[in-house]
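There are 2 protein chains.
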Amino acid sequence: MKPYNQLSAEELKVLHAELLEKYNEYKSRGLNLDMSRGKPAPSQLDLCMELLDVIGADGEYTTKNGTDIRNYGVLDGITEAKELFAPLLGVKPENVFVGGSSSLTLMYDAVCRAYTHGAYGSERPWCKEEKLKFLCPAPGYDRHFRITEHFGFELVTIPMVEGGPDMDAVEEAVKDPAVKGIWCVPKYSNPLGTTYSDETVKRMAALKPAAKDFRIFWDNAYAIHDLYEDKQDVLLDIMQECEKNGTQDMVYIFASTSKVTFPGAGVAVMGMSDNNMALMKKHAGVQAIGYDKINQLRHVKYFGSYDGMLEHMKKLGKALQPKFETVKNTLDKELKGLEIGRWNDPMGGYFVAFDSMDGCAKRIVALCSEAGVKMTGAGATFPYGKDPHDSNIRIAPSYPPVDELKTAMELFCLCVKLASVEKLMA
Amino acid sequence: MKPYNQLSAEELKVLHAELLEKYNEYKSRGLNLDMSRGKPAPSQLDLCMELLDVIGADGEYTTKNGTDIRNYGVLDGITEAKELFAPLLGVKPENVFVGGSSSLTLMYDAVCRAYTHGAYGSERPWCKEEKLKFLCPAPGYDRHFRITEHFGFELVTIPMVEGGPDMDAVEEAVKDPAVKGIWCVPKYSNPLGTTYSDETVKRMAALKPAAKDFRIFWDNAYAIHDLYEDKQDVLLDIMQECEKNGTQDMVYIFASTSKVTFPGAGVAVMGMSDNNMALMKKHAGVQAIGYDKINQLRHVKYFGSYDGMLEHMKKLGKALQPKFETVKNTLDKELKGLEIGRWNDPMGGYFVAFDSMDGCAKRIVALCSEAGVKMTGAGATFPYGKDPHDSNIRIAPSYPPVDELKTAMELFCLCVKLASVEKLMA
Chain A
8 MKPYNQLSAE ELKVLHAELL EKYNEYKSRG LNLDMSRGKP APSQLDLCME LLDVIGADGE
68 YTTKNGTDIR NYGVLDGITE AKELFAPLLG VKPENVFVGG SSSLTLMYDA VCRAYTHGAY
128 GSERPWCKEE KLKFLCPAPG YDRHFRITEH FGFELVTIPM VEGGPDMDAV EEAVKDPAVK
188 GIWCVPKYSN PLGTTYSDET VKRMAALKPA AKDFRIFWDN AYAIHDLYED KQDVLLDIMQ
248 ECEKNGTQDM VYIFASTSKV TFPGAGVAVM GMSDNNMALM KKHAGVQAIG YDKINQLRHV
308 KYFGSYDGML EHMKKLGKAL QPKFETVKNT LDKELKGLEI GRWNDPMGGY FVAFDSMDGC
368 AKRIVALCSE AGVKMTGAGA TFPYGKDPHD SNIRIAPSYP PVDELKTAME LFCLCVKLAS
428 VEKLMA
Chain B
8 MKPYNQLSAE ELKVLHAELL EKYNEYKSRG LNLDMSRGKP APSQLDLCME LLDVIGADGE
68 YTTKNGTDIR NYGVLDGITE AKELFAPLLG VKPENVFVGG SSSLTLMYDA VCRAYTHGAY
128 GSERPWCKEE KLKFLCPAPG YDRHFRITEH FGFELVTIPM VEGGPDMDAV EEAVKDPAVK
188 GIWCVPKYSN PLGTTYSDET VKRMAALKPA AKDFRIFWDN AYAIHDLYED KQDVLLDIMQ
248 ECEKNGTQDM VYIFASTSKV TFPGAGVAVM GMSDNNMALM KKHAGVQAIG YDKINQLRHV
308 KYFGSYDGML EHMKKLGKAL QPKFETVKNT LDKELKGLEI GRWNDPMGGY FVAFDSMDGC
368 AKRIVALCSE AGVKMTGAGA TFPYGKDPHD SNIRIAPSYP PVDELKTAME LFCLCVKLAS
428 VEKLMA
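So the protein lines, in turn, are chains A and B.
So the first sequence is numbered by our numbering: it starts at 8 and just counts up by one.
So the second sequence is numbered by our numbering: it starts at 8 and just counts up by one.
Derived from the structure by calculation, the hints contain no laboratory data.
Keep in mind that this is a model prediction, so the values were computed, not measured.
Check the hints yourself; a few may be wrong.
It does not matter which identical chain is meant; a pair holds if it fits inside one copy or across any two.
[Claimed, not checked] Keeping only pairs whose Cα atoms sit at most 35 Å apart, straight-line, the calculated DSBU-like set for lysine-lysine is:
1) Lys381 / Lys71
2) Lys343 / Lys413
3) Lys251 / Lys340
4) Lys138 / Lys308
5) Lys381 / Lys9
6) Lys321 / Lys289
7) Lys381 / Lys308
8) Lys209 / Lys430
9) Lys321 / Lys20
10) Lys288 / Lys219
11) Lys135 / Lys288
12) Lys288 / Lys369
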């Protein structure tokens, strides 16, 4: 098949009729499939059920420091958990804060604390600033953008380019003292699957923002979420780079086991400098006495070590491979050469990003929805939910079983074709 | 022995020498005992270890609504948990927010959300108000006071009287529009053990504060924490009273299983009106996707029902009885008739409050500490940590075993005597 933009008006008309017939056939099947969020599949969660048996009624409940994990205390996490997660964050164990089960909450709270009381180095709480701005590499993660929107920040779009956010744009933007931070998903980024290049990480760590309390929110959500053992992206360690530049206070590093063990019932962690840690403990100590230490020790005992966690991730990678391959193969088979879309081929993470012809994304998602396939809302990957090109669509293949995913992807491709033909005919 | 204030100077001198000798004897024993915080004893925690076995690798993980508790979602808690905790809070299940493991965090976050974005009915976020005040019935809970101090509220002391906070003072204080709320521990209050009288609850629910977004923080931490089956305080249901007055939006009700199952690894809940719930969900949805549903279902299955939870609390009451009786008996034996202190005899909760002669509390706590017995800091039960009479001391008998507690209490009484004699001799 030749590229759609080389078809004549008559050919488009015929094609449109064909596609519409197929589409109506799908619609009549009453599908109910979901590719909207990066949710692990039940079969994936089954792979760590033994986690729930690690600490039982006759189990151990004392840490090596003698802390009774069943009782109050230990605000920043038990030593064993700090040690387990330190290599995940790339910081020393004493620079790990283990808090609750959600890294999103850790991020919200970090923004919120700076807003109400200021971060380390702030001249005043952020709520006392006249104007607040936050850098949002886009396409990116909608929940990140929503946090800063919620706190009244102006969201400044930074284009994602090869190797991460456009660092020229970032370096320029941070000259504005109203710019207080940047959202980053540095490995297998949501939704592009991009891993920041060494140069990007180095330039990030070397930033000299006008705001002394500027913070890089380094959400390493997919730090160890590789699909393959033999081909993996490697991310430079940001804290090491910051140390070379004396900018360690500029970065907050986040991770969690939401997509390692159980979403919502995992362990969330934050890595930061000594200065940031001291201030965090002071503030967090007003908010909490301590987090769930039983769940912390549960994770420590289940994995045994960081290497144990990496071994576990190989199993999850294997479980996700056929899903990502189904997405890739269906896109290749159905759309290659038609010049109506581009997509990536990530080595890890939870998403495949698809770029349609300009002005087609909303229509594609609506067509999918009408036929029973739920996608992430078009535009969700941009600040304020507005994609200037109306072209980016996030595909989340992790949840449905492969056979359902195949059907959903076939329908998706059909909707891409249909929306593209409509556009070309208009 | 006659009251100390009737002793002659000579008698006091002799007594002082005797007491000092005994005190030095205690000091030489190198004690290391802790009556400082309301921490459950390990033997108490042992009583619910089976909780940890309820959901294992081969356990159920689907709610009656079909939710997979291992995966993302359900911001405000699984239905089963809402139903379990509704009677604890005295609200309908749909008015229960199940969030994390710490009610302190729920309280902090409720203050914080009102500070950054306003509560339901706020004209503006609290951080945009010129002046903020909060009512602090005292003696009260230091961590409550610290939250509002942290957010820059002026802490207004409300005296605790028979039957709860002095409601004349409260009704007068809320005429000031800067007054945004009040901290309450309505049953077996920390540290007095007071349960609010029906009249107090009714007057609380009938408040007409100048601030339209005034909130009663009703921390029912000891709602079901009775010591005895045959003598228990009964607290009127605040939400029912509020409904009679049309003031349902004025109250946030808090509880947790920190002192029911495991502190830090329990379940915290918040009860509130429809309006408050709708706003809370909107804001909390930016901060979190959902809380630990596995731990929620663990608690649901372990207790079976609210009645099951009450049955469990009988066991805990029995475990705590000998400790409270040790405190009471030692105080009675050592101090009765000396007129150098008053103490209460609570039917539940976690504390016994002791009032020394004015100006002696700090000295007593210091003497205890020097001899190896750690007490809550004198003054901690008052706003800003300043007890105007320097007389209130919080005794927390739950943690030490009975024999250690007996020793600690004997030393405590000795220190009370010594500090009182010093005071009378000065």
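For each hint, the structure was consulted:
With identical chains, the CA atoms of Lys381 and Lys71 are at most 35 Å apart between copies only, with a shortest distance of 24 Å across copies and 48 Å within one. Only within a single protomer do Lys343 and Lys413 lie at most 35 Å apart by alpha-carbon distance; the minimum there is 17 Å, versus 81 Å between protomers. In this assembly of identical chains, Lys251 and Lys340 lie within 35 Å of each other by CA distance neither inside one copy nor across copies; the values are 47 Å within and 67 Å between. In the homo-oligomer, the alpha carbons of Lys138 and Lys308 never lie at most 35 Å apart, since the shortest distance is 47 Å inside one protomer and 50 Å across protomers.
With identical chains, the CA atoms of Lys381 and Lys9 are at most 35 Å apart within one copy only, with a shortest distance of 29 Å there and 83 Å across copies. In the homo-oligomer, the alpha carbons of Lys321 and Lys289 never lie at most 35 Å apart, since the shortest distance is 38 Å inside one protomer and 37 Å across protomers. Taking the closest pair of Cα atoms, Lys381 and Lys308 come within 35 Å of each other only across two copies (34 Å); inside a single copy the shortest separation is 38 Å, beyond that limit. In this assembly of identical chains, Lys209 and Lys430 lie within 35 Å of each other by CA distance neither inside one copy nor across copies; the values are 42 Å within and 66 Å between.
With identical chains, the CA atoms of Lys321 and Lys20 are never at most 35 Å apart, being 48 Å at best within one copy and 77 Å at best between copies. Within a single copy, Lys288 and Lys219 get their C-alpha atoms as close as 21 Å, and across copies as close as 34 Å, so both meet the 35 Å cut-off. Taking identical chains as interchangeable, the C-alpha atoms of Lys135 and Lys288 lie at most 35 Å apart whether they share a chain (22 Å) or sit on different chains (26 Å). Within a single copy, Lys288 and Lys369 get their C-alpha atoms only as close as 44 Å, which misses the 35 Å cut-off; across copies the closest is 27 Å, which meets it.
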